[in-house]
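From first to last, the protein sequence lines stand for chains A and B. Residues in the first sequence are numbered consecutively from 1, following the working numbering. Residues in the second sequence are numbered consecutively from 1001, following the working numbering.
Don't read these hints as lab results, they were simulated from the structure. Keep in mind that this is a model prediction, so the values were computed, not measured. Careful: at least some of the hints might be erroneous.
Output of the computed footprint for chain A on chain B, the stretches with three or more beta carbons under 8 Å from beta carbons of chain A [what the hints assert, rightly or not]: (1) 1043-1055; (2) 1343-1355.
Simulated restraints, written as ranges between beta carbons of each label pair [stated by the list, open to error]: (3) Trp1157/B x Ala333/A: 55 to 63 Å; (4) Phe1162/B x Pro312/A: 46 to 54 Å; (5) Arg82/A x Trp1350/B: 43 to 51 Å; (6) His161/A x Leu1030/B: 20 to 28 Å; (7) Asp285/A x Trp1157/B: 28 to 36 Å.
Glycine included, every Cβ here is placed at the ideal spot set by N, Cα and C.
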Amino acid sequence: MSLDMNKVVLSVRDLSVSYQARRGRVRAVSRVSFDLHAGETLALIGESGCGKSTLNLALIRQLPKNASIDSGSIAYTYRDGRTINLLDFDKTAMRRYLWSECSMVFQGALNSLNPVLRVSDLVYETAAAHGIGRLEALTRALTLFEQVRLDAKRVFNSYPHEMSGGMRQRVLLALSLLLRPQIVIMDEPTTAVDILTQRSILDVLKQLRAELNFSVIFISHDLAVAAEIADTVATMYAGEIVEIGPVNDVFYRSRHAYTLSLLNAAPRLSAGAETLESIPGSPPDLIEPPPGCKFHERCAYVQPICRTTPPPMVAYDSGAGRAACHETARVLADARQKV
Amino acid sequence: MTALSASSPPAAQPVPTLRERLRRLRRSYLFKVVIQGLITILAVMTLTFFMIRQMPGNPFQVRIEDLMTRQGLTYEEAYRAAASIFNFDPDRPALLQFGDYIGDLLQGDLGMSITKTGTPVAELILRYLPWTLFSIGLSVLISFTLGTTLGLSIGYWRGSWFDNVVTTLASIISGIPDYIIALLIILIFGVQLEWFKIGQVRGGVDPTITPALSLEYIGSILQYAFMPMLIYTLSSIGTWILAMKSSTISTLGEDYIAVAQARGLPQRRILSAYVGRNAMLPLITRLAINVGFIVGGSVIIEEMFQYPGLGRNLYLAITGRDYTVMQGIFLVITVAVVASNILADLVIVWLDPRVRLDKGEEA
Chain A
1 MSLDMNKVVL SVRDLSVSYQ ARRGRVRAVS RVSFDLHAGE TLALIGESGC GKSTLNLALI
61 RQLPKNASID SGSIAYTYRD GRTINLLDFD KTAMRRYLWS ECSMVFQGAL NSLNPVLRVS
121 DLVYETAAAH GIGRLEALTR ALTLFEQVRL DAKRVFNSYP HEMSGGMRQR VLLALSLLLR
181 PQIVIMDEPT TAVDILTQRS ILDVLKQLRA ELNFSVIFIS HDLAVAAEIA DTVATMYAGE
241 IVEIGPVNDV FYRSRHAYTL SLLNAAPRLS AGAETLESIP GSPPDLIEPP PGCKFHERCA
301 YVQPICRTTP PPMVAYDSGA GRAACHETAR VLADARQKV
Chain B
1001 MTALSASSPP AAQPVPTLRE RLRRLRRSYL FKVVIQGLIT ILAVMTLTFF MIRQMPGNPF
1061 QVRIEDLMTR QGLTYEEAYR AAASIFNFDP DRPALLQFGD YIGDLLQGDL GMSITKTGTP
1121 VAELILRYLP WTLFSIGLSV LISFTLGTTL GLSIGYWRGS WFDNVVTTLA SIISGIPDYI
1181 IALLIILIFG VQLEWFKIGQ VRGGVDPTIT PALSLEYIGS ILQYAFMPML IYTLSSIGTW
1241 ILAMKSSTIS TLGEDYIAVA QARGLPQRRI LSAYVGRNAM LPLITRLAIN VGFIVGGSVI
1301 IEEMFQYPGL GRNLYLAITG RDYTVMQGIF LVITVAVVAS NILADLVIVW LDPRVRLDKG
1361 EEA
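Turn these sequences into a full structure, and let the hints guide you.
See the structure below:
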């Protein structure tokens, strides 16, 4: 894979998002920072409710009405080198940005397509909304449908209900690449399909990524899928990125106690009859988060300092990765032992 | 649209035999619903035929009592007078009457009016139906279009002050019966504010104008139809607004709306092809049911405004116990409801590709 690590496509700094709930403000995403490079695949892992989906919706500014972006910046660099802050965009500029620069494959492909429109209508209206002609759209769509291994002509004239779940997911994948965006966000694109369809979608995705060289932000509960597809992995806990780094570092040399617990909780075929470890308790209340490290109530490595002082982000390997844990040394030793 | 024909040429099909064709016909959707519709019509016809004869009194007695009270005739005189006008024998068994009715109907004859001697029922219906079709049909169209547009907007921008105002008004107005609205309008705008003369809103057209395709005549028709139409529109628009609002809100929760927004589609396109079209589907059936109302007319409103429509005629027929006219009008209403339901099914198929008419018929 040709990773042009010099070019940063998306640079997120100190991004915080909160929801207004009856009891108070839910800090769903707090002070998240990361860089996404050209051609890079970043996997976001973490439990349900850790803020992954909120973060993604914030990246395309499609948050629900009761949510607001409280601070931070999202800097996007166009192909021509111009860099803008997405948060400065008005509605029209945002509409033009969406899909042509950053598209999204949602989870639940079954309901992602308008039941009363043909696939051809979806293609044409998407193209028209961004000033691309019908013939150009048709050519691109047919090529993409073939690339995702669909019967292009048949699918083009089909209604959503005439296709299987796997076909619809591939249509969405093809549609997300129609305008040749630099970034594709994928929110659990393989959860709603069976294991064989998942396999074929992942293969198609890898092949397309190699051919078209776009960046991917990939959300998944499935750690095996994340490990396979990602260059970089970020662990999210209680709205924060607690560890981010190259996939091998995060998975085999974890430096954050939460990442290690998460990996231990994942089933492995080779583990045989061993019982799965689970993480006791549940994610903290995000309206009144606990002091210190937000994970300390559930952590097996907890020390007195964890209860009072939030751990700082510490870079390792000259900036290849970062983790925010007071007990990095012990966690790392255990992670190494495990491999 | 760029046509992409299937790559394989259509295979030559063997010519179907007569039995094959009959089998296909029996399986076809249209054939099935037409048969069902005919059964429905027959059932309603039979029921109305016997039920209207269960009402106290018959046209003969109504007329005799009328003659006795109004002209001071004795019972015998009144009986003789009535018998000379009516060609109706109240003592003939109902079953035999039913036989006559069906026999005539099969020949396309709706019979003669009992009270308006010498007038065929069909002629009566044809004379009054256009007034009702025009006034109520146009009102339903206006209130459906306006109501669904408003419902779509307040559903889309729910929580706004506009939504709050419209929802409150729609809830209030949908709870008031049409005749109360009519009375309120007459009392407030006619009696109190004197915006119009009450006497001038009764009737269908100014009788001093000769019927012609002139501007004056058409203007007069519109002027007289205005008040009933306003009331029909007001009394039905609230329901459309509220139904469309709830349908819109449930449609907005669908994933494909979020995907459409993420695709950067213009708001206009999302509102029409995504929210509007999908939210409209359940309302089409309701519109079809309303067609019965269009044809039947609003009995009370037409009577209040002396509007020469089918509804007022139905009212007159009921008070005079004019069995044949009642049967005729009920038959027309039944046929209209059945036909519009079939039409609604066809429209739904056209609008929603997921619905197939021959569902479950093919393996």
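Against the structure, the hints:
no., hint, result
1, 1043-1055, "violated (count 0)"
2, 1343-1355, "holds (count 4)"
3, Trp1157/B x Ala333/A: 55 to 63 Å, "holds, 57 Å"
4, Phe1162/B x Pro312/A: 46 to 54 Å, "holds, 50 Å"
5, Arg82/A x Trp1350/B: 43 to 51 Å, "holds, 47 Å"
6, His161/A x Leu1030/B: 20 to 28 Å, "holds, 23 Å"
7, Asp285/A x Trp1157/B: 28 to 36 Å, "holds, 33 Å"
Hint compliance for this structure: hint 1 is the single one not met.
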